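Undergrad: Let the hints inform the model, and build the full structure from the sequences given.
Chains as they are written, first to last, in UniProt numbering: chain A, 1 to 216; chain B, 1 to 214.
None of these hints come from the bench; they were simulated from the model.
This one's a predicted model, so the numbers in the text were calculated from it and none came from an experiment.
The beta-carbon is built from N, C-alpha and C at its ideal position, and this holds for glycine as well.
Some clues are possibly wrong.
Claimed, not checked - Cβ-Cβ distance ranges computed for the label pairs, FRET-style: (1) A:45 / B:135: 28 to 38 Å; (2) A:119 / B:104: 29 to 39 Å; (3) B:200 / A:116: 30 to 40 Å; (4) B:185 / A:6: 45 to 55 Å; (5) A:17 / B:55: 17 to 27 Å; (6) B:104 / A:134: 33 to 43 Å; (7) B:189 / A:148: 26 to 36 Å; (8) B:44 / A:45: 47 to 57 Å; (9) A:183 / B:210: 51 to 61 Å; (10) B:111 / A:16: 41 to 51 Å; (11) B:162 / A:17: 19 to 29 Å; (12) A:167 / B:43: 45 to 55 Å; (13) B:17 / A:142: 34 to 44 Å; (14) B:44 / A:125: 57 to 67 Å.
To be verified - Partner residues aside, some chain B positions facing chain A, computed with beta carbon under 8 Å: (15) 71; (16) 170; (17) 191; (18) 195.
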Amino acid sequence: MNWDWSAVGDFLPYFWKGLLVTLQVLALGSLISFSLGLVWALLCRVPTRWVQWPVGVVTEFVRNTPLLVQLFFLFYVLPEWGLAFSAPATGVVAIGLHYSTYTMQVYRAGIEAVPAGQWEAATALNLPRGRTWRAVILPQALRRVVPALGNYVLSMLKDTPLLMAITVLEMLGQARLFSQERFQFTEPLTVIGVAFVVVSYLASLLLRTLERRLVR
Amino acid sequence: MTSGLWELVLKGTWTTIQLLVLSALLAAAVSFAVGIARTHRLWVVRFLAGLYTEVFRGTSALVMIFWVFFVLPPAFGWQLVPLWAGTLALGLTYGAYGTEIVRGALAAVDPAQQEGGVALGFTPGQRLRKILLPQAVPEMVPPFSNLLVELLKGTALVSVMGMGDLAFSGNLVRLALQESAHIYTYVLLVYFVIAFLLTRLMRGLEHHLKAGVR
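TA: Set out below in structure tokens:
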């Protein structure tokens, strides 16, 4: 086994570019999955089965099928239907959609964990429905679910390399390009492997402080 | 679609199932071995097991697959058959998630059960086999069921390395027909059906095991 430090040095400029793309995808994907997940969770509470059923079927299907195939689906099928997005945009949408079906369960559990007395108090105070949700239920539910959402940010980070399969040049994409040009696989692949451990460790520290400030 | 293309999809499905079974077995072995090691008396063993978990949970499964395919052969002179390389990468990564399940379930057993075992003069091995595991294993089944579905979805990653699994055969059919909506819908449906069957199977297993305890 021979390790070539100059290859690491040559790879670094590409690595930073890839890291930036990975972090952008992560930030946008989290944003989509957090907001869309909340929408799913609220739709599941609409008291007719005409809403509950379709939402349940769609989210169950998305959750139980591989993200990679969903990426291919969006990347190759949407243009056939006349909807062409750029590769990174498709990737962000696919990751956000896939993870929204996970965060939906998190929100659902958080909403169910709000004590029944809070609902009753809101009824007793004659609060309108929208106000009950916005001022009573959601602030309590959201605070509870921050740690669980944080875990999904971490697993989303580890799913961003899949975007390489639809030609997005994030960390793994850059590493593959570099190693195919130079025929040096060990260094770039090891560098990004270590980078994933470091980034996810830093992110977990960040999430823990956030958690401590929100959950008291 | 012609019958030849269907055959391709069928073969891909079979590869996916093979990969799923093999890597699930490896992941189960890893999660029990490392998960139990995390409750060991010696801190060195606990530390090493914890390090394994952190490293393999921290990296992406796809990066791990690349590493096994491209770095292992020149570095150690191991050229693995794609099926085994995929099994190794997936089994080690998802096994690391499994260690947390095993550790959590072992920690959740009432400490009095351990103490009862000590009082009755059981050896550590006997305590593990006869007291801890029979109570902990039924609790592990639901999280393992989730992990199994995650693993199924993870098997699609090997198609990036050109291994002929279900997702890969889907890509071949797309290239052959120049049309993607149908084939990807079928592929997604097949994955969904497998995942559905797996969760049913695990639910049955849970019932069976819980019936044994109480």
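Undergrad: Against each hint, give a clear statement of whether it holds in the structure.
TA: Hint check:
no.: 1; hint: A:45 / B:135: 28 to 38 Å; in the structure: 36 Å, holds
no.: 2; hint: A:119 / B:104: 29 to 39 Å; in the structure: 32 Å, holds
no.: 3; hint: B:200 / A:116: 30 to 40 Å; in the structure: 33 Å, holds
no.: 4; hint: B:185 / A:6: 45 to 55 Å; in the structure: 48 Å, holds
no.: 5; hint: A:17 / B:55: 17 to 27 Å; in the structure: 25 Å, holds
no.: 6; hint: B:104 / A:134: 33 to 43 Å; in the structure: 36 Å, holds
no.: 7; hint: B:189 / A:148: 26 to 36 Å; in the structure: 29 Å, holds
no.: 8; hint: B:44 / A:45: 47 to 57 Å; in the structure: 51 Å, holds
no.: 9; hint: A:183 / B:210: 51 to 61 Å; in the structure: 55 Å, holds
no.: 10; hint: B:111 / A:16: 41 to 51 Å; in the structure: 50 Å, holds
no.: 11; hint: B:162 / A:17: 19 to 29 Å; in the structure: 26 Å, holds
no.: 12; hint: A:167 / B:43: 45 to 55 Å; in the structure: 47 Å, holds
no.: 13; hint: B:17 / A:142: 34 to 44 Å; in the structure: 40 Å, holds
no.: 14; hint: B:44 / A:125: 57 to 67 Å; in the structure: 59 Å, holds
no.: 15; hint: 71; in the structure: 5 Å, holds
no.: 16; hint: 170; in the structure: 7 Å, holds
no.: 17; hint: 191; in the structure: 5 Å, holds
no.: 18; hint: 195; in the structure: 4 Å, holds
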